[in-house]
Amino acid sequence: MSGFLVNASLISLLTLIAILALRLHRLFAVVMLSGAFSLVAATLFVVLDAVDVAFTEAAVGAGISSILALATLSLVPAEEKPHSIAFVPAFLALATAAMLAIAVTDLPAFGDVNAPIHNHVAPEFIKGSADDIGIPNVVTSVLASYRGYDTLGETVVIFTAAIAVLLVLGGFTRPHHPKNKSPKSQSRITKRRKNGEGKNAG
Amino acid sequence: MSSLAGQWNYFLVIALMMIGFYAVIARGNMVKKMVGLTIFQTSVFMLYISMGKVANGTAPILTGEAQTLYANPLPHVLILTAIVVGVATTAVGYALIIRVYESYGTIEDDDLIKMIEAEENAEARDA
Chain A
4 MSGFLVNASL
14 ISLLTLIAIL
24 ALRLHRLFAV
34 VMLSGAFSLV
44 AATLFVVLDA
54 VDVAFTEAAV
64 GAGISSILAL
74 ATLSLVPAEE
84 KPHSIAFVPA
94 FLALATAAML
104 AIAVTDLPAF
114 GDVNAPIHNH
124 VAPEFIKGSA
134 DDIGIPNVVT
144 SVLASYRGYD
154 TLGETVVIFT
164 AAIAVLLVLG
174 GFTRPHHPKN
184 KSPKSQSRIT
194 KRRKNGEGKN
204 AG
Chain B
260 MSSLAGQWNY
270 FLVIALMMIG
280 FYAVIARGNM
290 VKKMVGLTIF
300 QTSVFMLYIS
310 MGKVANGTAP
320 ILTGEAQTLY
330 ANPLPHVLIL
340 TAIVVGVATT
350 AVGYALIIRV
360 YESYGTIEDD
370 DLIKMIEAEE
380 NAEARDA
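First to last, the protein sequences are chains A and B.
Using my numbering, read the first sequence as starting at 4 and increasing by one per residue.
Using my numbering, read the second sequence as starting at 260 and increasing by one per residue.
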């Protein structure tokens, strides 16, 4: 029962943070709330016995993501245009929630030892980690050895993403850095585009 | 009813997931969309980690005692990979936002659509 209370209060806190992030219009606050969301999520992962996931979420989710978002905010306007409630998306979200809720009733109960997921390869990973590899942390031995190809694929994805970011932003060869661009020249570029000067590009 | 009470954790996570989903599809500001995507993504991670939880179990770090119950390590590994991949895709998303702002001077969806339509109309008039 105490497990229920801890989990439910942590998820309620997450819901509160998410709703605030949805409603606020100052993007700096929104980005900070998203960092707070990641930290509380890391706490929830510790409660759910996923310690490795917790510190990755705290370091990568709360740390690096926030840095990326703040770097973006230094280049783009930090204020959102006010919006009213959009009914079609709200209906879509509710319908998806209903479908997911129906699907979830077919899952085994939360924390059930006899659930199929705990009786497939997981017992062998736990048994083999000590005998085959000899490290006590099972997550590390699965990550680096049993499912090493996953980690290789992950590295490929990160490398691709780094190349994509460099290409999109122009890398080291960008002609004009946006930091040096004054608001005046920005509006001139926009005006030029409006006058149709950019059409020979398309 | 007892079966429903056994899945409370999943229901709470689904509610959280839908807040992120709503932010992604309803908000026009691109930075807000990315934050919504992060919330959505983290909620999916919570769903997976919930499945790996074993009642009265402990973290999957071997204690040396034979009778210890461990949480399932496999979802943990998959989600570790997913967190890092998620941040990589988020970085590409933010780079695209910066690029859109450089070209159009706005990061609001509806303004952007108006500008592109105006440009297309001007091209059609010239042709």
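Since the hints were derived computationally from the structure, they do not count as laboratory data.
Among the clues, some could well be false.
As the list claims (entries may be wrong) - In silico lysine-lysine, BS3-like type, Cα no more than 25 Å apart, as pairs:
1) K373(B) - K130(A)
2) K292(B) - K84(A)
3) K373(B) - K292(B)
Quick caveat, the model's predicted, so the values are computed rather than measured.
Verification of the hints:
no., hint, result
1, K373(B) - K130(A), "60 Å, violated"
2, K292(B) - K84(A), "13 Å, holds"
3, K373(B) - K292(B), "19 Å, holds"
Comparing the model with each earlier hint shows a violation of hint 1 alone; every other hint is respected.
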